[in-house]
Structure formats: C-alpha cells, structure tokens
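Residue numbers for the sequence shown follow our numbering, so the first one is 1261 and each next one is one higher.
Since the hints were derived computationally from the structure, they do not count as laboratory data. It cannot be assumed that every hint is accurate.
[What the hints assert, rightly or not] DSS-like cross-link-like pairs, simulated, lysine-lysine; straight-line CA separation at most 25 Å:
{"id": "1", "residue 1": "Lys1327", "residue 2": "Lys1275"}
{"id": "2", "residue 1": "Lys1325", "residue 2": "Lys1268"}
{"id": "3", "residue 1": "Lys1327", "residue 2": "Lys1309"}
{"id": "4", "residue 1": "Lys1286", "residue 2": "Lys1325"}
{"id": "5", "residue 1": "Lys1277", "residue 2": "Lys1309"}
{"id": "6", "residue 1": "Lys1268", "residue 2": "Lys1310"}
{"id": "7", "residue 1": "Lys1325", "residue 2": "Lys1309"}
{"id": "8", "residue 1": "Lys1286", "residue 2": "Lys1275"}
{"id": "9", "residue 1": "Lys1325", "residue 2": "Lys1310"}
{"id": "10", "residue 1": "Lys1327", "residue 2": "Lys1277"}
{"id": "11", "residue 1": "Lys1309", "residue 2": "Lys1286"}
{"id": "12", "residue 1": "Lys1275", "residue 2": "Lys1310"}
{"id": "13", "residue 1": "Lys1309", "residue 2": "Lys1268"}
{"id": "14", "residue 1": "Lys1268", "residue 2": "Lys1286"}
{"id": "15", "residue 1": "Lys1275", "residue 2": "Lys1309"}
[Stated by the list, open to error] Label pairs and their computed distance ranges (CB to CB):
{"id": "16", "residue 1": "Ser1303", "residue 2": "Ser1280", "range": "15 to 23 Å"}
{"id": "17", "residue 1": "Asn1289", "residue 2": "Phe1330", "range": "37 to 45 Å"}
{"id": "18", "residue 1": "Ser1328", "residue 2": "Ser1285", "range": "14 to 22 Å"}
{"id": "19", "residue 1": "Pro1331", "residue 2": "Thr1283", "range": "33 to 41 Å"}
{"id": "20", "residue 1": "Pro1329", "residue 2": "Ser1285", "range": "37 to 45 Å"}
{"id": "21", "residue 1": "Tyr1320", "residue 2": "Asn1289", "range": "15 to 23 Å"}
{"id": "22", "residue 1": "Ile1322", "residue 2": "Asn1289", "range": "20 to 28 Å"}
{"id": "23", "residue 1": "Lys1286", "residue 2": "Lys1325", "range": "28 to 36 Å"}
{"id": "24", "residue 1": "Ser1328", "residue 2": "Ala1293", "range": "32 to 40 Å"}
{"id": "25", "residue 1": "Pro1329", "residue 2": "Asn1278", "range": "24 to 32 Å"}
{"id": "26", "residue 1": "Phe1330", "residue 2": "Lys1277", "range": "12 to 20 Å"}
{"id": "27", "residue 1": "Glu1321", "residue 2": "Thr1283", "range": "16 to 24 Å"}
{"id": "28", "residue 1": "Ser1328", "residue 2": "Asn1278", "range": "29 to 37 Å"}
{"id": "29", "residue 1": "Phe1263", "residue 2": "Gly1319", "range": "31 to 39 Å"}
Glycine included, every Cβ here is placed at the ideal spot set by N, Cα and C.
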Amino acid sequence: MDFYELGKELVALRKSKNISQQTISKDLNISRATISNFESGTSSDIGLKKVLQIIDYLGYEINLKEKSPFPVFEDIVNG
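Required output: the full structure, derived from the provided sequences and hints.
Below, the structure written as structure tokens:
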C-alpha cells in the first residue's frame, strides 16, 4: 500500500465514523488543507507522524508484517 492508497483508505474510515476533516484538523492541530491534500493524493508531504496521529484518532493502528517472498493475489492482479 502506498501513501495514495492509504489516503483513500483514511477517507473511507473517516467518513464511516462521520468525522469531518475540520474536526480532525482542530483536534490534532493539522491544517485541513494538509488533510485534504493527503486524502486526495495531491500531496504526500504530510509526514508519517501526522498520518499515525490521524490513524490513532480514528481508532485504528498499523501492524507491520514480514513481506512474503512469494507474490500475493494483489501483486498478481496489480502487476
């Protein structure tokens, strides 16, 4: 998953919880423009710290796992 896909995923999570960009902006002190640009994929300058803050705010976490040496279905489909 790249930053663009992560931005799209965060839009879906945010909307599923009926939370506005403005609310996140106010509560986390991250500009709404920064959040909007990240969610739309027009900028990846948000930085990992802010992304993790948003993920935590939405009630989620990131789990790392070892990459498989074999292609997975997504890799085959997406080329």
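Cross-check of the supplied hints:
1. A C-alpha spacing of about 30 Å is found between Lys1327 and Lys1275, which places the hinted pair above 25 Å, so the restraint is violated.
2. For a cut-off of 25 Å, the pair hint linking Lys1325 to Lys1268 stands: about 21 Å separates their Cα positions.
3. With a C-alpha separation of about 23 Å, the suggested pairing of Lys1327 with Lys1309 holds against the 25 Å cut-off.
4. For a cut-off of 25 Å, the pair hint linking Lys1286 to Lys1325 is broken: about 33 Å separates their Cα positions.
5. Straight-line distance between C-alpha atoms of Lys1277 and Lys1309 comes to about 22 Å, which keeps the hinted pair within the 25 Å bound.
6. Between Lys1268 and Lys1310 the CA atoms are separated by roughly 16 Å; this keeps the pair inside 25 Å, and the hint holds.
7. The hinted pair formed by Lys1325 and Lys1309 meets the criterion: a straight-line CA distance of about 20 Å does not exceed 25 Å.
8. For the proposed pair Lys1286 and Lys1275, the alpha carbon gap of about 17 Å is at most 25 Å, so the pair holds.
9. Distance check on the hinted pair: Lys1325 and Lys1310 sit about 21 Å apart at the alpha-carbon level, within 25 Å; holds.
10. Note on Lys1327 and Lys1277: the hinted pairing is violated, with a Cα-Cα distance of about 30 Å set against a maximum of 25 Å.
11. Restraint check for Lys1309 and Lys1286: satisfied, since their Cα atoms lie roughly 16 Å apart, inside the 25 Å limit.
12. A hinted pair counts as satisfied when its Cα atoms are at most 25 Å apart, and Lys1275 with Lys1310 qualifies at roughly 18 Å.
13. Of the supplied pair hints, the one linking Lys1309 and Lys1268 holds, its CA atoms being roughly 18 Å apart against a limit of 25 Å.
14. Simply put, Lys1268 and Lys1286 have alpha-carbon atoms about 21 Å apart, close enough for the 25 Å limit, and the pair holds.
15. Distance hint between Lys1275 and Lys1309 is fulfilled; the C-alpha atoms sit about 21 Å from each other, no more than 25 Å.
16. Look at Ser1303 against Ser1280: about 19 Å separates their beta carbons, and that is inside 15 to 23 Å.
17. The beta-carbon spacing between Asn1289 and Phe1330, approximately 43 Å, falls within the hinted interval of 37 to 45 Å.
18. In this structure the supplied range 14 to 22 Å is violated for Ser1328 paired with Ser1285, their Cβ-Cβ distance being about 37 Å.
19. With their beta carbons about 40 Å apart, Pro1331 and Thr1283 fall inside the hinted range of 33 to 41 Å.
20. Restraint check, Pro1329 to Ser1285: a C-beta distance of roughly 41 Å satisfies the suggested window 37 to 45 Å.
21. The beta-carbon spacing between Tyr1320 and Asn1289, approximately 20 Å, falls within the hinted interval of 15 to 23 Å.
22. The hinted window of 20 to 28 Å between Ile1322 and Asn1289 holds, with their beta carbons roughly 21 Å apart.
23. A hinted range of 28 to 36 Å holds for the C-beta pair Lys1286 and Lys1325, which are about 34 Å apart.
24. Checked against the given bound of 32 to 40 Å, the beta carbons of Ser1328 and Ala1293, roughly 37 Å apart, stay inside it.
25. At about 41 Å, the CB distance of Pro1329 to Asn1278 disagrees with the hint of 24 to 32 Å.
26. For Phe1330 paired with Lys1277, a C-beta distance near 35 Å fails the hint of 12 to 20 Å.
27. Taking the beta carbon of each, Glu1321 and Thr1283 are about 20 Å apart, inside 16 to 24 Å as hinted.
28. For Ser1328 and Asn1278, the Cβ-Cβ distance of about 36 Å falls inside the hinted range of 29 to 37 Å, so the restraint holds.
29. Against the hinted window of 31 to 39 Å, the Cβ-Cβ separation of Phe1263 and Gly1319 comes to about 21 Å, which falls outside the hint.
Consistency with the previously given hints fails for numbers 1, 4, 10, 18, 25, 26, 29, ordered from lowest to highest.
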